[in-house]
Every structure is written in C-alpha cells, then in structure tokens.
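Student: Sequence:
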Amino acid sequence: MSILKFLILFTIIYYTESTVYDITTGTSNWQSILSNLKAGDIATIHQGTYTTAGSGYFQLTLNGQLTQPIIIQGAPNEARPIIQCAQAGANVQNILNVQGSNYMLKHLAFTKGSRGLRLGPAVTSNAIFDDIYIYDTTGTAFSANDGGNEYFNLTLQNSEIKNTNALGATTGECVYFGCVNDGCRVRDSLLEHNYCHDTLGSQGGARAGFQVKSGSFNVIIRNNACYKVVGPCIVVYDDYNRGRNIITGNLAIEAGTADLGIQCTSGATVTNNIIINANLAGIGIIQNSVYPTVGYIRNVTINHNTVYMSQADACLRLNSVTNNNIIIANNVLYCGNQKSITSATNLAGLSIYNNAVNGPIGAPGIQANGIFTVGNNVFADVQNLNFYPAVGSPLINTSGYLDNQPVVYDFNGKLRSKTKPTVGAYEFSSSTNPGCLIARNFKCGSSTAIVPNYFI
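With numbering that gives the first Met the number 0, the residue at position 82 of the sequence shown is 81, and numbering never jumps.
Treat the hints with care, since some could be wrong.
Listed below are the simulated DSBU-like cross-link pairs for lysine-lysine, each with C-alpha atoms no more than 30 Å apart in a straight line [to be verified]:
(1) Lys227 - Lys413
(2) Lys105 - Lys37
(3) Lys227 - Lys161
Computed Cβ-Cβ distance ranges for the label pairs, DEER-style [unchecked claim]:
(4) Thr447 - Gly53: 29 to 37 Å
(5) Gln286 - Thr24: 47 to 55 Å
(6) Gly374 - Arg241: 26 to 34 Å
(7) Thr23 - Gly53: 17 to 25 Å
(8) Thr292 - Asn368: 30 to 38 Å
(9) Asn452 - Asn240: 23 to 31 Å
(10) Glu77 - Asp197: 23 to 31 Å
(11) Gln286 - Gly391: 27 to 35 Å
(12) Asn62 - Asp197: 30 to 38 Å
(13) Val179 - Asn28: 54 to 62 Å
Note that these hints are calculated values from the structure, not bench results. Don't be surprised by glycine CBs; every beta carbon is placed ideally from N, CA and C.
Use the sequences and the hints to build the structure in full.
Tutor: See the structure below:
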C-alpha cells in the first residue's frame with residue numbers, strides 16, 4: 000500500500016468504534032493502560048508531565064489493524080503532554096521504545112533519556128507520528144535502525160526536534176533511518192514538514208538532521224526545515240538500486256554549521272530545496288557507503304534548487320561522480336567569493352544544463368550551456384531571506400524543461416512553466432512571492448501551516 004493511501008485510510012477510520020481511555024496526571028496506571036491497548040483503542044492523554052517508572056526505557060508493542068488502528072494522542076486544544084524518563088544524563092535509557100503496526104502517536108512531547116523515540120527492537124510498519132515534540136535528549140531523537148529490520152510505511156510529520164545532545168556529547172541526529180551497509184532499512188516512508196534545530200553540541204558521525212542510511216529506499220523527505228544543525232540538514236546514501244529517495248521542498252539555514260547542507264550518494268532526486276549559508280557545500284554528491292556490488296555513484300538528479308553562499312567550500316560539490324545518469328540542471332548556485340561548483344573529477348559528458356552561478360568555477364569539463372553567470376539583481380530581498388526572483392531577474396524564463404524528469408511544482412507548490420520555467424527553487428509568477436516567507440522555523444512558520452503537497 001502506498002503512503003498516500005495509508006494516510007487517507009488512517010484518516011477515514013480515525014474515529015471508528017473503539018475503547019476510549021482518558022488519562023490525566025492522576026492516572027497512576029497510565030503506562031499499564033498504554034501497554035494493553037488493543038486494535039481500535041484510543042488513549043487521550045491530558046496536558047502535564049508523565050514520568051516513566053523505573054530506570055529503564057518504556058517499551059510499547061502496539062498491534063492495531065489497518066481498519067482499526069491504535070491511537071495515542073494528546074488531548075485536543077491542550078498543550079502537549081510531556082513524557083519523560085525518571086533519570087537524565089549521558090548513560091540513561093531511551094524515553095520510549097515502540098514497535099508493532101497500524102498505530103498513531105499524535106500531539107505528544109518527549110524529553111530526557113538517551114534516544115527520544117526508538118522504533119524497535121522489533122519492526123514497525125504502517126505507523127504515523129504527528130505533531131511530536133522531542134527535546135533535550137542525550138542522543139538521536141527519532142530512530143528506526145535496529146539490525147535486521149525492514150521498516151515500511153512510516154510517517155513523521157509536523158514535528159519539532161531540538162537540542163538532541165543536551166545531556167551528553169553524541170552524534171545527535173534528529174532522525175536516523177536505516178543501518179550502516181544495509182544492516183537494516185526503511186522503505187516507502189515519509190518525513191514531512193518537520194523542524195530540526197539547535198543541535199550544535201553534536202560530535203562524531205554524520206550529526207545530521209535527517210539521515211537515511213544505505214539500502215533504504217523510496218523515502219520522501221519533503222517540506223522539512225533545519226536551522227543550526229552541525230551535520231547536513233539531510234543526508235541520504237545509496238539506495239542499492241531499489242528505488243530513489245526524494246528530497247524536495249526543504250529549507251536549510253546554517254546547516255550544517257560544520258558540514259554540507261544536503262548530501263547524497265546514489266539513487267536520489269534533489270529538487271526545490273533552498274540551502275542558505277552552509278559551512279561546506281550547499282549540496283554535495285559524495286562517495287560514501289556506495290553499493291559494493293556496483294562500486295560507483297549513479298542515478299542522481301539535482302534540479303531546480305537554490306543555494307546561497309558557503310562559508311568555506313562551494314555551493315555545489317561533485318566528488319567522484321561518473322557519467323552514470325547524473326543530471327545537474329536549473330539550479331541557482333550563488334556563492335560570491337566561494338566556488339559555485341567544485342569537483343576534482345572532470346565533468347565532461349555529464350548532463351549539466353542551465354545552472355545560474357555566481358562565484359568561480361572549480362570544476363573542469365562543464366559544457367558551454369551548463370552554466371550562466373548572474374550578478375546582484377537575482378533575488379527579491381536576501382537580507383530578509385526572500386530568495387524569490389526579483390522583477391527582471393536573469394533567472395526568469397531561462398531554464399530548460401526536462402521532459403524525462405520534469406519538476407512540475409516549485410518550492411511554493413506552484414505550477415512551473417512547461418516551456419521556460421524559472422531557474423532555481425521558485426517559479427516566477429508575480430512581482431512578489433505568492434507563497435509563505437522563509438523564517439528560522441518550520442517551513443511556512445508553524446507545525447500547523449499548510450505546505451505544498453507535491454511529489455517532485
């Protein structure tokens with residue numbers, strides 16, 4: 000079943016006949032209630048702080064049915080209830096381990112503990128996590144990475160994660176999907192409209208906002224935002240030729256503060272993203288954890304993105320790329336004194352078209368129609384993070400429409416021209432930005448904002 004069909008079905012049956020539990024801070028057996036939920040049950044938890052018993056993690060196994068899911072939710076029109084570990088520090092357990100299928104967690108907050116939410120140790124499938132707030136943990140906030148598991152139909156949406164290393168120096172990812180070298184994987188899943196920020200104490204590892212390990216596939220990473228994340232806002236490795244991972248409509252501001260903004264290896268489509276002031280490359284194709292059976296980078300499309308400035312590297316870094324279905328087209332790579340494109344590999348023969356560049360080129364072999372230079376009249380208002388094209392911008396009506404891999408919508412979810420679309424993440428359609436403005440927050444400003452519901 001597709002993610003979309005699963006979400007629709009979940010919505011339709013949300014209020015079917017079930018046993019309803021009402022939990023308050025005075026409900027002493029609240030953990031027992033949650034541990035014994037059956038298919039179709041709904042547990043509503045009222046605002047307040049709920050501390051898990053004992054020194055270990057709280058383990059939940061939730062086995063609903065597709066037409067009778069289990070729902071655990073914070074009470075509507077109240078602040079999220081806070082679930083926390085009894086202890087805090089570098090050596091404590093996770094807050095919650097949850098496994099099973101056909102369930103939803105909604106409007107809940109989690110704090111303290113090691114990891115926030117761990118999907119495991121057994122596999123989880125057909126699960127939705129909506130309006131979750133995870134903060135002040137020791138390590139990774141949300142993970143699906145127990146060895147041997149194949150997770151599928153997972154959705155994390157409208158959720159905020161911050162300060163993932165408050166209690167110890169860890170890699171501190173906001174989201175960690177899959178295992179190293181395909182030791183486990185996540186497939187057919189969605190990371191939608193989440194906000195990862197202020198993970199500046201992260202050390203070692205990728206330290207990413209949203210990380211999808213090699214072998215995982217058909218994961219859509221859409222409309223998310225990162226701010227002050229040490230590692231890449233988004234990093235996906237090799238899909239092992241199983242199905243591309245999609246990175247679209249995301250916003251990265253000062254992420255990574257010590258790394259790239261968005262990083263991929265193989266089997267990735269990167270479109271409609273805006274990356275502002277990464278420390279290293281705004282977008283990078285990096286040979287890391289390549290499928291060993293193949294051994295080279297392949298099947299990557301980077302199309303209609305806007306990258307603004309790099310503190311110490313380049314707007315676009317192409318490491319060890321080969322001419323194996325690599326497309327770089329219609330991007331804005333505006334880097335000033337830093338390189339707009341850098342590569343140690345000769346790029347002759349690669350499909351590179353219509354990229355607007357500002358900054359020196361550090362990559363040999365780009366064909367004549369691969370780039371064009373732009374000056375200072377490109378964006379509406381950089382100082383206020385408005386990267387919509389200015390009236391008369393050279394980005395307007397200058398890109399090529401890729402018939403085989405068209406980007407139908409822009410960052411705002413507006414339709415693109417099918418003849419001469421605008422270069423970059425935005426399609427120019429009016430003198431002012433018709434969509435929501437960029438802020439150091441969720442895309443469009445809040446977890447409840449309406450964001451584009453496009454695929455690519």
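Student: Now, for every hint given, state plainly whether the structure supports it.
Tutor: Hint by hint, here is what the structure shows:
1. Note on Lys227 and Lys413: the hinted pairing holds, with a Cα-Cα distance of about 28 Å set against a maximum of 30 Å.
2. A threshold of 30 Å between alpha carbons decides the hint, and for Lys105 with Lys37 the separation of about 17 Å falls inside it, so the pair holds.
3. Under the criterion of a C-alpha separation no larger than 30 Å, the hint pairing Lys227 with Lys161 is consistent with the structure, at around 10 Å.
4. For Thr447 and Gly53, the hinted distance range of 29 to 37 Å is satisfied, since their beta carbons lie about 35 Å from each other.
5. Distance hint check for Gln286 and Thr24: the Cβ-Cβ separation is about 52 Å, which falls inside the suggested range of 47 to 55 Å.
6. The supplied range of 26 to 34 Å is broken by Gly374 and Arg241, whose beta-carbon atoms lie about 43 Å from each other.
7. One distance hint, 17 to 25 Å for the beta-carbon pair Thr23 and Gly53, holds here, with the actual separation near 21 Å.
8. In this structure the hint that Thr292 and Asn368 lie 30 to 38 Å apart at CB holds, the actual value being about 35 Å.
9. The given range of 23 to 31 Å is respected by Asn452 and Asn240, whose C-beta atoms sit roughly 28 Å from each other.
10. Between Glu77 and Asp197 the CB atoms are about 25 Å apart, so this pair conforms to the stated range of 23 to 31 Å.
11. Under the hint 27 to 35 Å, the C-beta atoms of Gln286 and Gly391, about 40 Å apart, miss the expected range.
12. The supplied range of 30 to 38 Å is met by Asn62 and Asp197, whose beta-carbon atoms lie about 36 Å from each other.
13. Restraint check, Val179 to Asn28: a C-beta distance of roughly 40 Å breaks the suggested window 54 to 62 Å.
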